[in-house]
Every structure is written in structure tokens, then in C-alpha cells.
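All chains should be modelled from the sequences, with the hints used to inform the complete structure.
Going line by line, the protein sequences match chains A and B. So for the first sequence, this note's numbering puts the first residue at 1; every next one is plus one. So for the second sequence, this note's numbering puts the first residue at 1; every next one is plus one.
Hints in this document: simulated from the structure, not taken from any laboratory. Warning: the hint list may mix true and false statements.
Claimed, not checked - Computed cross-link-like contacts, BS3-like style, restricted to lysine-lysine with a CA-CA straight-line distance of at most 25 angstroms:
(1) B:LYS269 - A:LYS94
(2) B:LYS189 - A:LYS94
(3) B:LYS189 - A:LYS136
(4) A:LYS110 - B:LYS117
The model shown is predicted, which means the values in this text are computed figures rather than measured ones.
Spelled out from the first residue to the last, the chains are:
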Amino acid sequence: MSKSFLEVDGLSKVYPDGQGGELTVFEDIRFALEKGEFVCIIGHSGCGKSTILNVLAGLDEASAGNVVMNGKEVKGPGLERGVVFQNYSLLPWKTALNNIVFAVQARWPKWSKEKVKEHSERYLKMVGLDHALNRKPSQLSGGMRQRVSIARAFATQPELLLLDEPFGALDALTRGVIQDELVKIWEETRQTVFMITHDVDEAILLSDRIFLMSNGTNARIAESVKVDIPHPRARATIFQNPAYHKTRDYLVDFLVNRSGSALPEKDGSPKVVEPAKGVAQPEPAAAEPETESETAARAVNA
Amino acid sequence: MASLNVRAALLSVSFLILALGLWEMATQPPEAQTGMTEYEMLMGGADQESRVPPPSAVIKLAWTELSNPFYDAGANDKGIGIQLAYSVYRVLTGYLAAMAIALPIGFLIGMSPLMYKALNPYIQVLRPISPLAWMPLALFIIQDSDASAIFVIFICSIWPMLLNTAFGVANVREDWVNVARTHELSPIKTALTVILPAAAPTILTGMRISIGIAWLVIVAAEMLVGGTGIGYYVWNEWNNLDLASVIFSILMIGVVGMLLDLALGKAQKLVEYKE
Ligand SMILES: Nc1ncnc2c1ncn2[C@@H]1O[C@H](COP(=O)(O)OP(=O)(O)OP(=O)(O)O)[C@@H](O)[C@H]1O
Ligand SMILES: [Mg+2]
Chain A
1 MSKSFLEVDG LSKVYPDGQG GELTVFEDIR FALEKGEFVC IIGHSGCGKS TILNVLAGLD
61 EASAGNVVMN GKEVKGPGLE RGVVFQNYSL LPWKTALNNI VFAVQARWPK WSKEKVKEHS
121 ERYLKMVGLD HALNRKPSQL SGGMRQRVSI ARAFATQPEL LLLDEPFGAL DALTRGVIQD
181 ELVKIWEETR QTVFMITHDV DEAILLSDRI FLMSNGTNAR IAESVKVDIP HPRARATIFQ
241 NPAYHKTRDY LVDFLVNRSG SALPEKDGSP KVVEPAKGVA QPEPAAAEPE TESETAARAV
301 NA
Chain B
1 MASLNVRAAL LSVSFLILAL GLWEMATQPP EAQTGMTEYE MLMGGADQES RVPPPSAVIK
61 LAWTELSNPF YDAGANDKGI GIQLAYSVYR VLTGYLAAMA IALPIGFLIG MSPLMYKALN
121 PYIQVLRPIS PLAWMPLALF IIQDSDASAI FVIFICSIWP MLLNTAFGVA NVREDWVNVA
181 RTHELSPIKT ALTVILPAAA PTILTGMRIS IGIAWLVIVA AEMLVGGTGI GYYVWNEWNN
241 LDLASVIFSI LMIGVVGMLL DLALGKAQKL VEYKE
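Here's what the structure looks like:
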């Protein structure tokens, strides 16, 4: 059996319940990520998604189980794993540019000042913030702050990117624009991403696979849903794809009707589901996966 | 309509003129009298001397003192500038020594709940002690009045700095510490590039409180130890019954205290940040 890039094995988290007993938030979490994959995890509030992500980041410790990345056990935080927090976590006394410089310097301490600056500016440009380099976070809107935060994470080129509801605090309009930017920057870099979201559409737009968590306590990752929609994708056109609706219906049904009782396979790994299997793609055989409208949409977005 | 600032300035000046005018009138010598009473003759007219001087006398004195603030004509006759310089020197020495101890220990206490719990009882007992209560002990142990005054400044400025540093450090947002952790910063680098700037506004608030207290305490300390300094000067002029000089030096204590506070206020502005 070939080893995956990231292997999570038997993770569980137990808290004291305050009455002398124990409270198992989640248990026996098992999954694997391959290099270059974009995976989202969805589940009801409180089932332990953030805790799992923090364990992967090394910021929190699991009660049992382990995480192995590239054959090495994850113990504590590290630069090979970048995190984008829900509340941006920019250092408010530094400008947008210096927040990224700070991270890039930590990643490559030997780089010259000019190289660090140039590299940082390039990533700020990627998220469309080249006009706001010297503004402090308090002078930026929520959406702009989250862009800086995303640029910071991508700029350090971690092997695994962890995003905890990065768009949770943004209005729908801004959220859409930044989703497009994330798609773009991910298409360019093809980094491995593990992301928490509550938004089904966002998950479909971005992911290769979507993990569905059952409700806590004793939550599990019950299913791994494959998203059969070719890259590159665009927010404006993805709903024209029949696979999109099949996938969406499946996810919503899980969240509304089945998340209370769903269980993974007997061996603890998530059930693999392909709700859009066999659905005809717009141009299934073509080497060029883009439809005309997708091309048009990308031209508009560019 | 003049701006608020202009109106406020006009009002300030009118208050000043009004206050000085009342003061001047209240301290006029009695109407030229035809003769002295028996008592006054016995006192040799000294009663007039010991009146509170009018502002005009204080201003005249201020003018002569300030036009040559650094003259030195022996132990009991030095310019106001020299006396103030002694006091400022003592305050700054004690204050900097307190800083050198309070900031690192405050960091330690702020970072480590264990150290906080272990040291807190001592801090709580030592903090409410009037700094002047240390003076006899300091004089006995140090055997030097100048150093004892500095020690008293040290002991009174240490607490606000220590407590504010500990509080600021302990309350740095966990997210920012996590940013440092995910970027694998060393503990020293984390302390200097994340925790220090994050806690700086709180630390500076403590430093500003400390300098204010130190300036309050130095006057009393110098009255006790004598020799030099603005506190000694006030006391000495009182013994000379030179009330104009007393009033003048009281004003100078206020001015210097304000300048020290302004300097720390500026420093505070420099490290402030908006979230
Ligand atoms: N210190 C703690 N003591 C006890 N229980 C805790 C503690 N910290 C977290 N929990 C519990 O762990 C569970 C998982 O929390 P977590 O933040 O991981 O949930 P989540 O899935 O990210 O939720 P959300 O979608 O709302 O962000 C919650 O039910 C919470 O009550
Ligand atoms: Mg969460």
C-alpha cells in the first residue's frame, strides 16, 4: 500500500464534560490527502472541524491518533503547514506588505531584503492588492484583510495549506470575488489545501473531494464525496454543469437528513461517494475541458 | 465663529488673568498706615515680609531665575536649572533601573502562569507600601543619601511597569501568538517581533504612570535627604521664608512633571496600533 502525502489515523478529541465525566467531540477520524488535492470539510457547527484543522496545524493536540505528513509525524506547528485563520490574524502594527514580508523572512531567512520584498509584492498582486501595500490592517476592509491573509499563506509556499472558514465573516458579494481569486491562485500554484466551510456551493466550486462529518458528539468523517467537475472552474458558469446539481443535492441531503446517523466504513475510513458518476460532462471526450462560456467567464474575470 | 481651540485658548488666558488679578489684590500690603501698632513695632515690621507674595513678585523672581538657571554659588545657592537637573537625573536613574528589572520580569510573569502565581503574593504586599517608608532602610543599608533617593524612585516606579507589562503580555491575542508559532519563530524572536509590539501600548501606559509617580515622590524624597534637588530647594526656601521662591519652584515642578508626561505620551503614540 503506497503511502499518501498526508495520513490521519484514529484521531479523537476528548474534553472533560465539567461533571467529572468525559465528552468525546470526535473519534477515530481517518483520512488521507494526496499531493495537490483541494479538500473541503463540511459538518454542523460544533462537530470538531476547527479542532481537527488545529491538530493538523500542530496548534492543538489530539487525545489519540496521529497525523503523518510526508512520512513524518506532525508534532507542533511548522512552516511546511500554512494556516489561514477565520479572523485573518494579521499583525495590526504592520502594513499589509510587512505582514507578508514577516512570513517570507521566517520561511527563507537567508533571502536578501530585495528578494523578500519582491516575492511578497508578487503575492499581494495575485490577490489584487498592489494598491494597498502600505496600509495597516485597520485601514483595510474585511475582504481585503482576508486577501492579505491568503496571500501570506500562499507566499510561504507551504506543502499543506489549512483554511478555517476563510470567508465566514464576509458578505456574499465579497465572498464570491475572493473565491474566484482563490480558484485563480490555486490553479497557478496547485498547492495541497484542506479547508473548512459551511457553504456547500463554495465547497463544490473549490474541492476535488468533500468530507462530510456526522454530528457531534462522537462525530466521524462519514463520507468522502468526489466532485466530478473538471478544472479550471468558474463561479459564474459552474451551475450549468449537470454534475454540479447532482453533487449539491447529495450534500444538502446529507446535511439535512443524514448527518445525525451517518457512519463511515467498517474500517473507519470515509465511505467514498460519487454522486455525479456517469453524468455526461459538457464535452466529456475533449482534451480541452473548458466550455466556451467558461472561457468567456475567465476572460471577464481576468 | 472661532474654532473650539481658539475659544478655549481665550478662555484659558482670561482665567489666568482673573486668577492672577485676584491673587495680586489679595496680597496687596495694607493701605499706607500712619504708624505702626505696638505689636508691629515689636516685630520690626516682619509681618509684612511673611505675607504671601503677589504674583508680580513671583514673576519678577521667575524672570531673574530663568535668565540664569544654571548659576552655582555654593551649596545653598544654586540656580533652579541645576536643582531641577539633579531631580531629573535621580528620577531617570531610578526609573531606568526599574525598567531594566520590571520589563523582563513582567514578561516572565505574563508568559508563565506558574511564575504569575508564585510571584503575585509578593507583588501584592510590596506594591501598596509608600515608597518613602523604604527610606530609613535604604539609608541604613546603602549609607548614601543620593543613592537612597534613587532607590526610592526605583521602588516606586517598578510596580506600574511590572504589572502593566505582565498584563499586556498575558493578554496578547492568541491568534498573533499562533501566527508566530506557525511561522516557527524562536521564543526570543516571538517575544521581540510579536509579543513586544502587541503589548507595547499597555507597557507604555505603565511607564507613563510610573514616571508620574516618580516625579511626585522625588520632591518628598529630596526634602528628606537634603543636599540638592528641587525638593530640597523648596524646603530650603521655606526655611529662608522666601515664599516667592517656594511658589516659583512649585510651578517649575509642575512644568517639568508635565514635560516628562508629554514625552511618555509621545512615545505611547509611536507604539499605538488600531485593531
Ligand atoms: N476547552 C474546551 N472544553 C470543552 N469542550 C470544548 C473545548 N473547546 C472546544 N470544545 C468543544 O469541542 C467541540 C468542537 O469545537 P470546534 O471549534 O472544533 O467545532 P467546529 O466544528 O469548528 O464548529 P464551528 O463550525 O462552529 O466552527 C465543540 O462542541 C466545543 O463545545
Ligand atoms: Mg470552527
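Status of each hint after checking the structure:
{"no.": "1", "hint": "B:LYS269 - A:LYS94", "verdict": "holds, 15 angstroms"}
{"no.": "2", "hint": "B:LYS189 - A:LYS94", "verdict": "holds, 16 angstroms"}
{"no.": "3", "hint": "B:LYS189 - A:LYS136", "verdict": "holds, 22 angstroms"}
{"no.": "4", "hint": "A:LYS110 - B:LYS117", "verdict": "violated, 41 angstroms"}
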